[in-house]
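Asker: Each chain, written out:
2 protein chains.
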Amino acid sequence: MTYDFWYWPGIPGRGEFVRIALEAGGIAYRERGREDGADVWAKRDSYSRTPPFAPPWLDNGELVIAQTANILMFLGERHGLAPDDVKGRFWTSQLMLTIMDVTAEAHDTHHPVDASAYYDDQKAEAKRAATVFREQRIPKFLDHFTKALGGAEYFGGDRWSYADTGFFVLMSGLNHAFPRRMVALSGDYPTVFTHWDRIAALPELRDYFASDRCLPFGEGIFRYYPELDGEG
Amino acid sequence: MTYDFWYWPGIPGRGEFVRIALEAGGIAYRERGREDGADVWAKRDSYSRTPPFAPPWLDNGELVIAQTANILMFLGERHGLAPDDVKGRFWTSQLMLTIMDVTAEAHDTHHPVDASAYYDDQKAEAKRAATVFREQRIPKFLDHFTKALGGAEYFGGDRWSYADTGFFVLMSGLNHAFPRRMVALSGDYPTVFTHWDRIAALPELRDYFASDRCLPFGEGIFRYYPELDGEG
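Chains B and L are the protein sequences, given in the same order. Counting from 351, one number per residue, gives the positions in the first sequence under the numbering used here. Counting from 351, one number per residue, gives the positions in the second sequence under the numbering used here.
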């Protein structure tokens, strides 16, 4: 059974958290919207039951599942991408939701007052929001993930889960958007920076990283504006 | 078995989404932080495994579960507050996550650039963010929930779930923060306004609404500032 995976073309975006889990898990999927040029909004509006609010969503003909962390909990359960005991299931989901919270905050640094307007129309507000995010929020989150990992190799223990691959995407995104800040913080949070490297080296992801399915960050959630990284 | 439910004292906040589900489900819980004055941050920092990033969280001695939508999925599964088939489980969770997205956006209207600073220090930015939220975002969300409900009595069919009680909290919060706007929209979205009334009338919630456990909205996520509701 192949999943249709719907997301905006051209950017990794929130879809990347799902995509990397599909790839790491060796789960067959077809990238819709990006590869075939299908109209994402038209497809969304075609669902009469369990409609998504926005992409990403999965559709296998029987199930239509949206909301990034929710899709991942489903995949985790069905394809063994997370522990299967109660504690492990909800712990993995909890971490993923916090990862998505950081992601939303990272987005809001460049679009703090109007998500549908241009960055240039909210640069002053963005500068202020980015300063708070950079100085206060990133350290808080890195501290949390350090504690969450504890002395383990992976968040759930001895095997990677979708929270680990999601964390990889988050760290990569933060590093894209705030490279100067992340370098400055790397010495204070060695555990999570080592974890980022560990996931980057997973054999299950080698083919994906080398493929053209793996897009660079660009004009999506995680954006690089030097002035938001504390320069100038 | 009684749950310890940890949340900030004095406000409904994000905790309210969990609290109303506990109440509607007749699930025994002890309100920590609010009732006993226990130190929420100190307790958080005491967890060595599966630490919460922030309240709310549940703790029953064996499990510590944080993230509002995650707590609710757990309660839904364990206490029958959601459908138990795969489609129904993930649909309910999907809706709840969208409810939490709207909630975060509602919060960010009064704190668009610095969540740790005063509203008075970001009034101009707030006014702009609130205009976008009020004019563009609320209608989009009400439209989505109208479609999500379809012709059914409840989001999951013929019985309420935690997504319905969560939706009630969301509508009540929006109505507290944007009363003028919500009245103006009520004629365009009769399905969801009727649904709000339906949940308000659930017999399972009558005692709760009459109790002093049910706090009014105040200085939390949903705040009433007339200027953010389009006045003046």
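Be a bit skeptical, because a hint or two may be false.
Identical copies carry no separate label here, and so any pair may be met within one copy or between two of them.
[As the list claims (entries may be wrong)] Derived pair list, reagent style BS3-like, types lysine-lysine, alpha-carbon separation capped at 25 Å: (1) 393 / 477; (2) 490 / 393; (3) 497 / 393; (4) 393 / 437; (5) 497 / 437.
Derived by calculation from the structure, the hints in this document are not laboratory data.
Asker: All the hints need checking, so say for each whether the structure fits it.
Answerer: The hints, checked one at a time:
Neither within a single protomer nor between protomers do residue 393 and residue 477 lie at most 25 Å apart by alpha-carbon distance, with minima of 36 Å and 34 Å respectively. With identical chains, the CA atoms of residue 490 and residue 393 are at most 25 Å apart between copies only, with a shortest distance of 17 Å across copies and 39 Å within one. Only between protomers do residue 497 and residue 393 lie at most 25 Å apart by alpha-carbon distance; the minimum there is 15 Å, versus 41 Å within a single protomer. Proximity of residue 393 to residue 437 under the C-alpha cut-off of 25 Å is restricted to the inter-copy arrangement: shortest distance 19 Å between copies versus 36 Å within a copy.
Only within a single protomer do residue 497 and residue 437 lie at most 25 Å apart by alpha-carbon distance; the minimum there is 17 Å, versus 34 Å between protomers.
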